[in-house]
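Engineer: Please take these sequences and the hints and turn them into a complete structure.
Numbers 281 to 523, taken from my numbering, label the letters of the sequence shown in order.
Read the hints as simulated data drawn from the structure, not as lab findings.
The beta carbon of each residue, even a glycine, is placed where N, CA and C say it ideally should be.
Careful: at least some of the hints might be erroneous.
Unchecked claim - Cβ pair distances, simulated, as ranges:
1) P415 to A373: 15 to 25 Å
2) E425 to H500: 36 to 46 Å
3) M474 to T430: 35 to 45 Å
Unchecked claim - List of simulated lysine to any residue pairs, SDA-like, C-alpha gap at most 25 Å:
4) K479 to G371
5) K287 to I403
6) K287 to F441
7) K288 to L448
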Amino acid sequence: MRQAIDKKWARRPVAVMVSGGVESCVLLGELALSSPRVVPFYMRFGLVWEEAEQAALERYLDRLRLPSIDPLRVLESSLAQAYAGHWSLDGHAMPIDDADVYLPGRNMLLLTQPAIWCHRHGIRTLALGTLAGNPFLDATPAFFEQLSLTVNLALGAELRFERPYEQLTKEEVIRRGGDFPLEESFSCVTPVGMLPCGKCNKCQERRDGFLRSGLPEPTHYATTEPIPPSNTNHRRPTVESDV
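Structural biologist: Structure (structure tokens):
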């Protein structure tokens, strides 16, 4: 059964960062059941997986078809200079460990342009699908508190960065979104054409999440080679913007 987020702020117009991963896809769907208007944002930085990720997100939105959702707004900010030589731009030496998937300044970069847009268009809430136990410094409550102070001071705004899933695990979010077309969601840093590779750690996290949720894994991967479930007691959860 589809759920709505039971938050007073969610009953007003809200913007949401979406990447195509299960967390942001479920968040978008739940917000659309509570809010009169949901504005989805996708940020492009020139990263190797963005073409496949954005295409999957657009398929998801087309299948979701909830009237409160605005057309997808795609914003761009090149990282060609700041990330020169980084694996996310050139596709070389792709990471194996969860901690190595971290993108320096990721959430700061994701939120700056959408925050300005929200201020200019009178939307006071910008939501993200950050999960519980996120180990990275730019996903902590302290980071979002400081970012909110800085953004609001710079813009003369009253913008809030909301993280309704910050106490939830990936499998809990998957269960919440079981009635959404999650087969169109996308979590991969080494896609093969337009398909998720099935081998990178983001694909592994996705498989583990569906396994633990008790729901069938709906994803069509580029490889059919089975990957055994990881030892979840020793894995570090990664940042949802779900790269």
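Engineer: Note whether the CB distance of P415 and A373 lies within 15 to 25 Å or breaks it.
Structural biologist: At 21 Å between Cβs, range holds.
Engineer: With a cut-off of 25 Å on the C-alpha distance, tell me whether K288 and L448 pass.
Structural biologist: holds, 19 Å
Engineer: Look at the Cβ atoms of M474 and T430 and judge whether their distance stays inside 35 to 45 Å.
Structural biologist: holds, 37 Å
Engineer: Taking only the CA atoms, is the gap from K479 to G371 under or equal to 25 Å?
Structural biologist: Holds, at about 15 Å.
Engineer: Would you say the C-beta atoms of E425 and H500 sit inside 36 to 46 Å of each other?
Structural biologist: Given range 36 to 46 Å: holds, Cβ gap about 40 Å.
Engineer: Could you grab the alpha-carbon distance between K287 and F441 and see if it respects the 25 Å cut-off?
Structural biologist: holds, 13 Å
Engineer: Below or equal to 25 Å on CA atoms is what counts here, so check K287 against I403.
Structural biologist: Status holds; Cα separation ~16 Å.
Violated hints are absent here; each numbered hint is respected by the structure.
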